[in-house]
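Asks: Sequence:
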Amino acid sequence: MPKVIALHSFTHNGESRARHSEWPTSEKDAAALARAGLVRIKGGEPAAAIKPAPTKKPAARKKPAAPKQPTTKADDPKPGQLTA
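The sequence shown begins at 73 in our numbering and counts up one residue at a time.
Hint data in this document are derived by calculation from the structure and do not stem from the laboratory.
Among these hints, one or two may not hold up.
Unchecked claim - As a list, the in silico PhoX-like pairs of lysine-lysine whose alpha-carbon atoms are at most 25 Å apart:
| id | residue 1 | residue 2 |
| --- | --- | --- |
| 1 | Lys-114 | Lys-100 |
| 2 | Lys-134 | Lys-75 |
| 3 | Lys-75 | Lys-100 |
What the hints assert, rightly or not - What follows is a set of in silico ranges between Cβ atoms, one per label pair, in the way DEER data are often shown:
| id | residue 1 | residue 2 | range |
| --- | --- | --- | --- |
| 4 | Ser-81 | Gly-115 | 21 to 29 Å |
| 5 | Trp-95 | Ala-137 | 50 to 58 Å |
| 6 | Lys-134 | Ser-98 | 42 to 50 Å |
| 7 | Ala-138 | His-84 | 46 to 54 Å |
| 8 | Pro-139 | Arg-91 | 53 to 61 Å |
| 9 | Lys-140 | Phe-82 | 53 to 61 Å |
| 10 | His-80 | Lys-135 | 19 to 27 Å |
| 11 | Pro-139 | Ser-98 | 53 to 61 Å |
Glycine included, each C-beta is placed from N, C-alpha and C at the ideal position.
Kindly produce the complete structure, drawing on both the sequences and the hints.
Replies: Structure (structure tokens):
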């Protein structure tokens, strides 16, 4: 059973864990807690063996296209009139 060290104070399975506290836990729980960024595994688990938890990126919001405004005769320039 690996020993883990809490990086933050948190509650897991009904037990409060203080920052820097150490305790033995199962391989599965140690890996899950390390992926969540709550603990580090004492004894130097290779960083490549622990994949960080995936982060959810907010979906990009697309602005709806503005409806095309029909032009009116008042909007049309008169022949010979300059437009800005």
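Asks: Each hint should be assessed against the structure and marked as holding or not.
Replies: Status of each hint after checking the structure:
| no. | hint | verdict |
| --- | --- | --- |
| 1 | Lys-114 x Lys-100 | holds, 15 Å |
| 2 | Lys-134 x Lys-75 | violated, 47 Å |
| 3 | Lys-75 x Lys-100 | holds, 12 Å |
| 4 | Ser-81 x Gly-115: 21 to 29 Å | holds, 22 Å |
| 5 | Trp-95 x Ala-137: 50 to 58 Å | holds, 57 Å |
| 6 | Lys-134 x Ser-98: 42 to 50 Å | holds, 45 Å |
| 7 | Ala-138 x His-84: 46 to 54 Å | holds, 51 Å |
| 8 | Pro-139 x Arg-91: 53 to 61 Å | holds, 56 Å |
| 9 | Lys-140 x Phe-82: 53 to 61 Å | holds, 54 Å |
| 10 | His-80 x Lys-135: 19 to 27 Å | violated, 39 Å |
| 11 | Pro-139 x Ser-98: 53 to 61 Å | holds, 59 Å |
Figure legend: structure checked against the earlier numbered hints; hints not met, in rising order: 2, 10.
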